[in-house]
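Colleague: Chain by chain, the residues:
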Amino acid sequence: MTVKTLLGNCTEPVIFIGRVASAVPLVFTRRGFRVREFLYYLDLCGARSVGIVLMICFLMGGVIGVQAAIQLQKVGSEIFSADLIGFSVLKEFGPLMVAMIATGRAGSAFAAEIGTMQVDEEVSALATMGIRPEAYLVLPKLIAMIIALPVLTVFGDAAGVFGGMLIGVTAMGLPAAAYWGRTVEVLNFTTFALGALKSVVFAVLITMAGCYCGFRASNDALGVGRGATSAVVSSIFLVVVADAVITVLYSFIGY
Amino acid sequence: MPADKAIEVQNVTIGYGDRVLMQNISFSVGKGEIMCILGGSGCGKSTLLKHIIGLYSPQAGDILIDGRSIVNAGEEGKRSIMREFGVTYQGGALFGSMTVAENVALPLEEYTDYSSSKIAEVVEEKLKLVDLGGFGTYMPSELSGGMKKRAGLARALALDPHLLFFDEPSAGLDPITSADLDRLILRLRDNFGSTIVVVTHELDSIFTIADRVVMLDKATKSIIAAGNPRQLLNDSPNRWVRSFLGRDGLKSSDETDFQVKKVD
Numbered sequence: 021m022t023v024k025t026l027l028g029n030c031t032e033p034v035i036f037i038g039r040v041a042s043a044v045p046l047v048f049t050r051r052g053f054r055v056r057e058f059l060y061y062l063d064l065c066g067a068r069s070v071g072i073v074l075m076i077c078f079l080m081g082g083v084i085g086v087q088a089a090i091q092l093q094k095v096g097s098e099i100f101s102a103d104l105i106g107f108s109v110l111k112e113f114g115p116l117m118v119a120m121i122a123t124g125r126a127g128s129a130f131a132a133e134i135g136t137m138q139v140d141e142e143v144s145a146l147a148t149m150g151i152r153p154e155a156y157l158v159l160p161k162l163i164a165m166i167i168a169l170p171v172l173t174v175f176g177d178a179a180g181v182f183g184g185m186l187i188g189v190t191a192m193g194l195p196a197a198a199y200w201g202r203t204v205e206v207l208n209f210t211t212f213a214l215g216a217l218k219s220v221v222f223a224v225l226i227t228m229a230g231c232y233c234g235f236r237a238s239n240d241a242l243g244v245g246r247g248a249t250s251a252v253v254s255s256i257f258l259v260v261v262a263d264a265v266i267t268v269l270y271s272f273i274g275y
Numbered sequence: 021m022p023a024d025k026a027i028e029v030q031n032v033t034i035g036y037g038d039r040v041l042m043q044n045i046s047f048s049v050g051k052g053e054i055m056c057i058l059g060g061s062g063c064g065k066s067t068l069l070k071h072i073i074g075l076y077s078p079q080a081g082d083i084l085i086d087g088r089s090i091v092n093a094g095e096e097g098k099r100s101i102m103r104e105f106g107v108t109y110q111g112g113a114l115f116g117s118m119t120v121a122e123n124v125a126l127p128l129e130e131y132t133d134y135s136s137s138k139i140a141e142v143v144e145e146k147l148k149l150v151d152l153g154g155f156g157t158y159m160p161s162e163l164s165g166g167m168k169k170r171a172g173l174a175r176a177l178a179l180d181p182h183l184l185f186f187d188e189p190s191a192g193l194d195p196i197t198s199a200d201l202d203r204l205i206l207r208l209r210d211n212f213g214s215t216i217v218v219v220t221h222e223l224d225s226i227f228t229i230a231d232r233v234v235m236l237d238k239a240t241k242s243i244i245a246a247g248n249p250r251q252l253l254n255d256s257p258n259r260w261v262r263s264f265l266g267r268d269g270l271k272s273s274d275e276t277d278f279q280v281k282k283v284d
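Line by line, the protein sequences are chains A and B. For what it's worth, my numbering labels the leading residue of the first sequence as 21, then goes sequentially. For what it's worth, my numbering labels the leading residue of the second sequence as 21, then goes sequentially.
Everything labelled a hint here was simulated from the structure, so no lab data went into it. Among the hints, erroneous ones may be present.
[What the hints assert, rightly or not] One-sided excerpt, in silico: chain B residues whose CB lies under 7 Å from chain A:
no. : residue
1   : Ile73
2   : Gly111
3   : Pro127
Even glycine gets a Cβ: it sits at the ideal position worked out from N, Cα and C.
Input sequences plus hints: build the corresponding full structure.
Modeller: Right under this line is the structure:
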């Protein structure tokens with residue numbers, strides 16, 4: 021890889037971010053906010069993902085509950101499984117699992133859609149109509165994801181907590197009222213909000229990575245496939261790195 | 021050279037990265053003229069068109085649209101110039117998630133203050149112009165290749181541009197549909213005085229519609245002929261040009277024995 025290629029690979033995403041950022045004010049113009057596209061993506065990324073999010077987060081809560089049961093029973097502290105499951109799900113696994121589902125569903129779909137539009141010259145057609153492709157193709161997706169992901173995360177959090185509770189009640193023999201009481205005692209709005217805030221960051225990363233890979237896809241079927249794959253891989257990488265950074269930042273402010 | 025120029029390509033070099041496709045080429049298109057850009061496969065015809073319409077920036081030189089440089093116009097200036105012309109792409113480039121009518125309506129919704137009933141009226145008028153009246157509710161996937169191209173043309177005509185670009189309009193079409201499209205192009209020029217640039221290598225189309233052609237050559241990365249296609253067929257000093265236009269099957273590389281004459 022030459023220095024020129026390496027520099028190109030580094031500067032292109034920055035230029036793309038700049039182009040999208042400069043298009044953001046268009047949302048507030050008369051024709052800038054495209055309601056129909058926004059609602060379509062809100063449905064795609066949000067409503068249609070609720071089922072899978074509930075299922076996966078419920079199972080994930082259950083899995084953490086099983087591990088918590090095995091370890092905490094050794095020291096007779098089963099009741100603290102409510103703390104462990106609650107904090108792990110709300111602060112880490114809930115936003116992370118929802119981000120992974122969104123990557124698989126939306127991130128790859130964004131890349132494939134824009135990549136196919138490149139192949140069919142629809143992106144060129146937009147440009148030659150004087151319409152900024154970033155404003156037309158990226159902003160509705162970005163806004164829909166920024167709204168959908170935190171909402172999905174709250175759904176996922178609830179499902180995860182109930183999954184853990186099911187294990188706590190059935191496997192560890194804890195009274196349901198005691199488990200629920202402990203959960204409500206230790207978790208508060210801030211815990212929910214911190215997880216939801218993470219998911220906003222994840223929404224931006226997944227959308228930007230998906231759209232960037234779509235725009236970068238070469239003009240053939242192979243290129244579209246590669247773009248979608250690349251979108252998923254880079255989204256997962258970015259989400260995990262961002263999660264680590266945000267977790268460290270939260271720990272600095274005492275959360 | 022036409023006196024009243026709609027497009028001027030001035031000493032332009034085009035290519036991808038370090039790869040040069042055409043070097044230092046110049047030509048112009050007069051107002052109300054139909055100009056065909058032709059040449060063998062892979063010589064850079066469509067790439068040149070994408071440079072002229074501002075999708076790509078040339079490595080050197082300048083391109084003027086109605087006297088304004090699209091190369092140095094900046095992002096907003098370029099978009100402003102782009103709004104004044106229409107482009108029809110090889111496959112129509114219709115947005116798959118919209119109906120044909122919504123596709124045609126998009127530029128009108130974007131750049132006019134028309135009411136929705138006025139937009140519907142203009143859309144139907146443009147669809148009728150390209151013989152697609154009544155097809156507004158169809159999705160692009162329900163149209164044939166030729167219909168998609170005509171629908172793309174209707175969208176390109178939505179804002180009544182005086183300058184139109186066609187990228188391979190006849191590619192993949194049967195001869196009858198192709199001839200229909202040629203007649204439509206002539207009608208646009210004759211009825212509306214449009215300046216039209218067509219990228220093609222369909223010789224039947226070229227002889228039907230072109231006032232002038234510029235012929236690109238991959239080997240020399242230059243324009244090897246420019247002028248009226250019939251005159252070039254009969255009088256071009258370049259044997260390959262005569263052979264190409266006369267369908268003789270001579271390869272460009274066969275020309276190496278001959279003096280290749282560059283045409284400004």
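Colleague: Taking the hints in turn, state whether each one holds.
Modeller: Structure-based check of all given hints:
1. Ile73: Status holds, d = 5 Å.
2. Gly111: 6 Å, holds
3. Pro127: This hint holds: Pro127 of chain B lies near chain A, its Cβ roughly 5 Å from the closest one there, short of 7 Å.
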